[in-house]
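Trainee: Sequence:
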Amino acid sequence: MAGGSRALQWISLIILLHSAYSTYDYLTQLKAADRPLDHIPNDVSLEALVSLALFILGTVLAAPKMVEITWAKEMGKRYVLWMFPVIRDTILSRSIDEMDSRLGFAGIKHRGATFFGSR
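According to the numbering used here, the sequence shown is numbered sequentially starting from 41.
No lab work stands behind these hints, which were simulated from the structure alone.
Where a beta carbon is used, it is the ideal one built from N, C-alpha and C, also for glycine.
Heads up, some of the hints might be wrong.
[Claimed, not checked] Cβ pair distances, simulated, as ranges:
no. : residue 1 : residue 2 : range
1   : Thr110    : Lys71     : 50 to 60 Å
2   : Ile109    : Ile51     : 13 to 23 Å
3   : Ala42     : Leu70     : 36 to 46 Å
4   : Pro81     : Leu101    : 22 to 32 Å
5   : Leu92     : Gly43     : 15 to 25 Å
6   : Ala103    : Leu67     : 46 to 56 Å
7   : Lys71     : Lys105    : 17 to 27 Å
8   : Gly43     : Arg75     : 30 to 40 Å
9   : Asn82     : Ala103    : 26 to 36 Å
10  : Ala42     : Ile109    : 15 to 25 Å
[As the list claims (entries may be wrong)] Straight-line C-alpha distance at most 20 Å; calculated SDA-like pairs for lysine to any residue:
no. : residue 1 : residue 2
11  : Lys105    : Gly44
12  : Lys105    : Phe95
13  : Lys71     : Asn82
14  : Lys105    : Gln49
15  : Lys105    : Asp65
16  : Lys71     : Pro81
17  : Lys105    : Ala60
18  : Lys71     : Tyr61
19  : Lys105    : Ser45
20  : Lys105    : His58
21  : Lys71     : Ile54
22  : Lys71     : Val84
23  : Lys105    : Gly43
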């Protein structure tokens, strides 16, 4: 199905480029005839909307199958959990706050004075 969805995306891109060219051509003709710039014709707007709908459909069809994203499912994928049952039982009994404490967001700005002295 990936090939068909990619083809649908390319077709929608070609339709979008055609609607852009049609808009440019229409506005150029209005300018050449010294007529005030009017709104874009309805058929060109409809063509652009159809292109958008086809692109969204192609993108949805190309998306991979959804997987379950739960904390227990993620912990079940870890290799070490299946190697050592004692660790597995300990880790799975913890809460998400104990397991994922986001140490990457720890503030270490207060340590600068210790390393570099006061400035």
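Trainee: Would you mind marking each hint as holding or not holding in the structure?
Mentor: Tested hints:
no. : hint                       : verdict
1   : Thr110 x Lys71: 50 to 60 Å : holds, 59 Å
2   : Ile109 x Ile51: 13 to 23 Å : violated, 33 Å
3   : Ala42 x Leu70: 36 to 46 Å  : holds, 42 Å
4   : Pro81 x Leu101: 22 to 32 Å : holds, 30 Å
5   : Leu92 x Gly43: 15 to 25 Å  : holds, 21 Å
6   : Ala103 x Leu67: 46 to 56 Å : violated, 36 Å
7   : Lys71 x Lys105: 17 to 27 Å : violated, 51 Å
8   : Gly43 x Arg75: 30 to 40 Å  : violated, 46 Å
9   : Asn82 x Ala103: 26 to 36 Å : holds, 32 Å
10  : Ala42 x Ile109: 15 to 25 Å : holds, 22 Å
11  : Lys105 x Gly44             : holds, 16 Å
12  : Lys105 x Phe95             : holds, 19 Å
13  : Lys71 x Asn82              : holds, 19 Å
14  : Lys105 x Gln49             : holds, 19 Å
15  : Lys105 x Asp65             : violated, 42 Å
16  : Lys71 x Pro81              : holds, 15 Å
17  : Lys105 x Ala60             : violated, 34 Å
18  : Lys71 x Tyr61              : holds, 15 Å
19  : Lys105 x Ser45             : holds, 14 Å
20  : Lys105 x His58             : violated, 33 Å
21  : Lys71 x Ile54              : violated, 26 Å
22  : Lys71 x Val84              : holds, 18 Å
23  : Lys105 x Gly43             : holds, 16 Å
Violated hints, in rising order: 2, 6, 7, 8, 15, 17, 20, 21; the structure is consistent with all others.
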